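Asks: Protein chains in written order, with the working numbering: chain A, 1 to 412; chain B, 413 to 824.
Keep in mind that the hints are not guaranteed to be accurate.
For each label pair, taking beta carbons as the anchor points, the in silico distance ranges come out as [what the hints assert, rightly or not]:
#1 B/Asp810 with A/Glu361: 26 to 32 Å
#2 A/Asp152 with B/Asp528: 31 to 37 Å
#3 A/Arg344 with B/Asn754: 33 to 39 Å
#4 A/Asp152 with B/Lys808: 19 to 25 Å
#5 A/Gly207 with B/Phe561: 36 to 42 Å
#6 B/Thr784 with A/Lys224: 32 to 38 Å
#7 A/Leu4 with B/Asp810: 52 to 58 Å
#8 B/Lys808 with A/Pro365: 49 to 55 Å
#9 B/Lys636 with A/Lys408: 48 to 54 Å
#10 A/Asp251 with B/Asp810: 47 to 53 Å
#11 B/Lys819 with A/Glu337: 43 to 49 Å
#12 B/Lys808 with A/Thr38: 43 to 49 Å
#13 A/Leu410 with B/Glu647: 17 to 23 Å
Keep in mind the hints are simulated off the structure, nothing from the lab. Computed from a predicted model, the values in this text were never measured in an experiment. C-beta atoms are modelled at their ideal positions from N, C-alpha and C, and glycine is treated no differently.
Protein chains: 2
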Amino acid sequence: MNELKGACIIGQSGGPTSVINASAYGVIDTALKSNLITQVLGAEYGIRGVLADRLFDMGLEDSHELELLKYTPSSALGSCRYKIAEPSKDDTDYKRILEVFRKHNVRYFFYNGGKDSMDTCNKINQYMQSVGYECRVMGVPKTIDNDLFGTDHCPGYGSAAKYIATSMMEVYQDAHVYDTGMIVVMEIMGRHAGWLTAAAALASEYGAGPDLLYLPETDFSMQKFIDSAKKIYAETGKCLIAVSEGIHYEDGDFVSEAKKSATDGFGHAQLGGLATILAEVLKEETGAKVRGIELNLLQRCGAHLASKTDIEESYMAGKAAVENALNGINGRMIGFERVIKNGRYACKTKLIPLMEVANAEKKIPKDWINETEDGVNRKFIEYALPLIQGEPDLPKVDSLPRFAHLKKILAK
Amino acid sequence: MNELKGACIIGQSGGPTSVINASAYGVIDTALKSNLITQVLGAEYGIRGVLADRLFDMGLEDSHELELLKYTPSSALGSCRYKIAEPSKDDTDYKRILEVFRKHNVRYFFYNGGKDSMDTCNKINQYMQSVGYECRVMGVPKTIDNDLFGTDHCPGYGSAAKYIATSMMEVYQDAHVYDTGMIVVMEIMGRHAGWLTAAAALASEYGAGPDLLYLPETDFSMQKFIDSAKKIYAETGKCLIAVSEGIHYEDGDFVSEAKKSATDGFGHAQLGGLATILAEVLKEETGAKVRGIELNLLQRCGAHLASKTDIEESYMAGKAAVENALNGINGRMIGFERVIKNGRYACKTKLIPLMEVANAEKKIPKDWINETEDGVNRKFIEYALPLIQGEPDLPKVDSLPRFAHLKKILAK
Chain A
1 MNELKGACII GQSGGPTSVI NASAYGVIDT ALKSNLITQV LGAEYGIRGV
51 LADRLFDMGL EDSHELELLK YTPSSALGSC RYKIAEPSKD DTDYKRILEV
101 FRKHNVRYFF YNGGKDSMDT CNKINQYMQS VGYECRVMGV PKTIDNDLFG
151 TDHCPGYGSA AKYIATSMME VYQDAHVYDT GMIVVMEIMG RHAGWLTAAA
201 ALASEYGAGP DLLYLPETDF SMQKFIDSAK KIYAETGKCL IAVSEGIHYE
251 DGDFVSEAKK SATDGFGHAQ LGGLATILAE VLKEETGAKV RGIELNLLQR
301 CGAHLASKTD IEESYMAGKA AVENALNGIN GRMIGFERVI KNGRYACKTK
351 LIPLMEVANA EKKIPKDWIN ETEDGVNRKF IEYALPLIQG EPDLPKVDSL
401 PRFAHLKKIL AK
Chain B
413 MNELKGACII GQSGGPTSVI NASAYGVIDT ALKSNLITQV LGAEYGIRGV
463 LADRLFDMGL EDSHELELLK YTPSSALGSC RYKIAEPSKD DTDYKRILEV
513 FRKHNVRYFF YNGGKDSMDT CNKINQYMQS VGYECRVMGV PKTIDNDLFG
563 TDHCPGYGSA AKYIATSMME VYQDAHVYDT GMIVVMEIMG RHAGWLTAAA
613 ALASEYGAGP DLLYLPETDF SMQKFIDSAK KIYAETGKCL IAVSEGIHYE
663 DGDFVSEAKK SATDGFGHAQ LGGLATILAE VLKEETGAKV RGIELNLLQR
713 CGAHLASKTD IEESYMAGKA AVENALNGIN GRMIGFERVI KNGRYACKTK
763 LIPLMEVANA EKKIPKDWIN ETEDGVNRKF IEYALPLIQG EPDLPKVDSL
813 PRFAHLKKIL AK
């Protein structure tokens, strides 16, 4: 094995999750313990911090505060949505990254993010190889959207799914309190994949789920939606609906965008989010009292409802990235493989080429969606339920969350 | 002491809270143990269930399920917003209530709700006295709004406040993740009193609170709001704002209503909630990326974040109502008195005439609000912090909440 000595960088990118910092902690904790890694650097705002040479010396942080990262939502180092150029078209950024890598003798680069971040990771890896600079580049997955290719599931998904299912169960209680009619539309994140919205169906296992659930994996028909909702409302006086922000008509137009669909002929002049739009449509159709609820940022930063399984797996992904890199692995993202032992869920890490992850997207399989395309079946429930399990022992002060406070001292 | 033997009714009314069922359980549990109370009846949908003679025999419920009411949000018996007539104008309802009371030999009536419910309670009590039917009528308070007169605080407030403060802390992390500008407006319930919105300031104690906070206790100026937000945004690149749904201009017009204010001259044609409206105003003014977040129903049913103190006090209020009624007390609402012993918070019950509660409303004292009227001071923090304390041991199945399942068998 080629032992490689030098500094490492950990960067975070893309939208935050409740547990992205648990992965960062997995990287930092493991790297700090390694004799080969001479310095652990945290990039401020992802790759932008590398470009700006804004790198924190993680070895100067208090170890207890670092451990609190496991329970601190959002990206503690700062994140970015910076799109790096194709190196063949413009290699300015890559030259600068190389310069900073050389300056700090960076030989390990860990990037913690979703699909776009894996693309960045892949490009940096290819560039470093092309110029003969030895650096092991590893992707650490993160996304509440759960849409990364090649992995059973993604760190961040389980906690968001738990937040959504719990909130759905609570709103169910609330929406059924009066003897008068009530329709509630809950809008859930996920522009292209319906994993998060489907998580609302976990509440159905306990008798408090949505009556209807719409995913971006299928084409939305406003007329079918209205007919279904009206039928349920007529029968029960209530209708609870979970809907993905990314639902679209057959022609591809997002329902959230205020234009007339060629398919359905429905238009909506309202501003406001999708939940409001759909709630208003049903108000007109039924005369019912309606509520549009958008889970908004809350679903991706609701660390107080994090899944212990998710936290532990997120840490494990970060740890595995470092361990594999130290063992000579390069250009891979850590993925998860589901292992069922004696009927019990377990999870182990695997390695997926960055190239493959950067160019694909994982959606809910068609045969997990019901025939009427307004719900998911047992296959989804069995898939998702293990991911939300376990209550983390959340550190609190005065019954409010105690998040990590980092000193963020720039490396010399 | 006049020992009064007969059945009791517990009814729930108004908007739900996370802990209203803890109070109902306090009533039911205490009443079931009493030798004087011959039958414990739960009214379906509050007073409407009495009018319809839809009364559940709570003695037939499983005792474990009843205990789960402590952790089950919303009104398990069903609620209503039924406005009872003045008995002098129309006594139809009262005659019917008397008929149902006689039928089941109801001698105790416990009504669990907010200000309007206490008004209903008061009127029923006066009617029963006027016709010489002996029945002890007691109010059990409930409201996330915390606006009931004569009590230090209200059951339901502490849990909602904890939900709001925790969510604010998490959103703070999320809103500060990028190096780009971001403005977030969080809309919180409370049409006439700002107690809930002020709870967002608890997050400031831990460095993750709103920069600006607007209450219905003061007049809102759109120009002042814009100036303050722009100043903070210019300095920090971020601005986090908590705003009550009930903020209004000097002339009394709600800011959430789409009309031009005579005071400020600002108008807004947007539909959508107040958070969206204010976020759009700031987007125009600053060009920043904005997010409007409405906590919506989530804040009043988020039992997973309930305060243990609130649950215990809510139970205590229900218990005290029964005990006092058994001791001959009548026409009172249970209130809370704060007792500071050796610098530690404690709470005991007291009795407040229903008449007084029905006609008053408690707002945040002016001297708890800061001079610039965009925040609260230490007096509020010291008041509210004890109310959110303690983590209840929430029953879960598969890491999702296990709510009470009642059989709801109608009384013969």
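Asks: For each hint, tell me whether it holds in the structure or not.
Replies: Going down the list of hints, with the structure as the test:
no.: 1; hint: B/Asp810 with A/Glu361: 26 to 32 Å; verdict: holds, 29 Å
no.: 2; hint: A/Asp152 with B/Asp528: 31 to 37 Å; verdict: violated, 52 Å
no.: 3; hint: A/Arg344 with B/Asn754: 33 to 39 Å; verdict: violated, 50 Å
no.: 4; hint: A/Asp152 with B/Lys808: 19 to 25 Å; verdict: holds, 24 Å
no.: 5; hint: A/Gly207 with B/Phe561: 36 to 42 Å; verdict: holds, 38 Å
no.: 6; hint: B/Thr784 with A/Lys224: 32 to 38 Å; verdict: violated, 52 Å
no.: 7; hint: A/Leu4 with B/Asp810: 52 to 58 Å; verdict: violated, 44 Å
no.: 8; hint: B/Lys808 with A/Pro365: 49 to 55 Å; verdict: violated, 29 Å
no.: 9; hint: B/Lys636 with A/Lys408: 48 to 54 Å; verdict: violated, 34 Å
no.: 10; hint: A/Asp251 with B/Asp810: 47 to 53 Å; verdict: violated, 40 Å
no.: 11; hint: B/Lys819 with A/Glu337: 43 to 49 Å; verdict: holds, 45 Å
no.: 12; hint: B/Lys808 with A/Thr38: 43 to 49 Å; verdict: holds, 45 Å
no.: 13; hint: A/Leu410 with B/Glu647: 17 to 23 Å; verdict: holds, 22 Å
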